[in-house]
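Trainee: From first to last, the protein sequence lines stand for chains A and B.
Just so you know, my numbering puts the end of the first sequence at 131, numbered straight through with nothing missing.
Just so you know, my numbering puts the end of the second sequence at 142, numbered straight through with nothing missing.
Incorrect hints may appear among the rest.
Cut-off 25 Å, straight-line C-alpha distance, at most; resulting in silico cross-link-like pairs (DSS-like, lysine-lysine) [stated by the list, open to error]:
#1 B:K51 x A:K108
#2 A:K21 x B:K51
#3 A:K25 x A:K98
#4 A:K107 x B:K49
#5 B:K118 x A:K25
#6 B:K51 x B:K100
#7 A:K98 x B:K100
#8 A:K98 x B:K51
Hints are computed from structural coordinates only; laboratory data are not their basis.
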Amino acid sequence: MTHVSIYVLDQGRAYDFYTNKLGFKVITDVPMPGGDRWLTVSPPEQPELELILSPVTRTIFSKESVKALTELIKDGAFGVGLFTSNDIFATYEELNAKGVVFTKVPKKEFYGTEAIFKDDSGNWFSLAQLN
Amino acid sequence: MINEPYPKIYLYRRLVQAKLFIDNNYADNIDLDNIADEAWFSKFHFIRKFKSTYRYTPHQYLTYVRLEKAMELLKAGLPVSSVCYSVGFESLSSFSRLFKRAAGITPSEYIARHQKIKAHMAESPLTFIPGCFASRNGWLKN
């Protein structure tokens, strides 16, 4: 898999979150018709995996779908995936210092130590250091 | 915030402080000796822990950050000498040598390569987008 799509409520804010807070690299940022951007970012150590920061807009969705999807994202309905860290406490301290919101602080589980954080839209991610 | 102190909380906070200090002040002539001194640990122990956490010693990490920023500025079209000094290198020759070691090409070659990509992107942006997404988003209609 080379691309994963994440629905974001504001591409400008998402750009700031994923690059300045998470430290991801911008791979493509191209303006498209209708005012949206084709905006993709990658974790620095995985340049072959592009996260598409997709806008929730009327160019793609109906008015009802935009409303429904926006509420679902804000409510944290979407758990996008898992990031692993070789040192979860160092990663946690850094993201916390940069203002990333954690809904679960690092906690030891049987499979490793895990935390959960969310992006600026409400999508959440698991962050783990596996055993 | 974690309420109960997890193991080595203070060391982690000092490590992160040092890393963020480098992230935010890379362009200045910073003294990395001070970072270890402020951490209350022996310099050797601090550097060793920094390296095991971030895969670079503080000095190597500073060089890495400077080179990453240099790549961004070169992509934006700024001239090599201007980029060299604005990211904190003090000599053009050492910047070029370190850049080539990291990127495999010289700064000038890097600029040329990215200007080509940029021109291509401006000319036909849709070549950078998987067709299914472009179609679904209605970008192929024009």
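Trainee: Is the Cα-Cα distance between A:K25 and A:K98 25 Å or less?
Mentor: 17 Å, holds
Trainee: Assess, step by step, whether the Cα of B:K118 is no farther than 25 Å from the Cα of A:K25, and give holds or violated.
Mentor: 17 Å, holds
Trainee: Just to be careful, I want the Cα atoms of A:K21 and B:K51 compared with a cutoff of 25 Å; is the pair within it?
Mentor: 21 Å, holds
Trainee: Assess, step by step, whether the Cα of B:K51 is no farther than 25 Å from the Cα of A:K108, and give holds or violated.
Mentor: 24 Å, holds
Trainee: Hint check: A:K107 vs B:K49, CA-CA at most 25 Å. Holds or violated?
Mentor: Cα-Cα ~22 Å, so holds.
Trainee: With the threshold set at 25 Å, check whether the alpha-carbon distance from B:K51 to B:K100 stays at or below it.
Mentor: Holds: B:K51 and B:K100 sit about 23 Å apart, inside 25 Å.
Trainee: Holds or violated: A:K98 and B:K51, Cα atoms, limit 25 Å.
Mentor: 21 Å, holds
Trainee: Sort out whether B:K100 lies within 25 Å of A:K98, counting only the CA atoms.
Mentor: Given pair A:K98, B:K100 is violated - Cα atoms ~32 Å apart, limit 25 Å.
In this structure, the one hint that does not hold is number 7.
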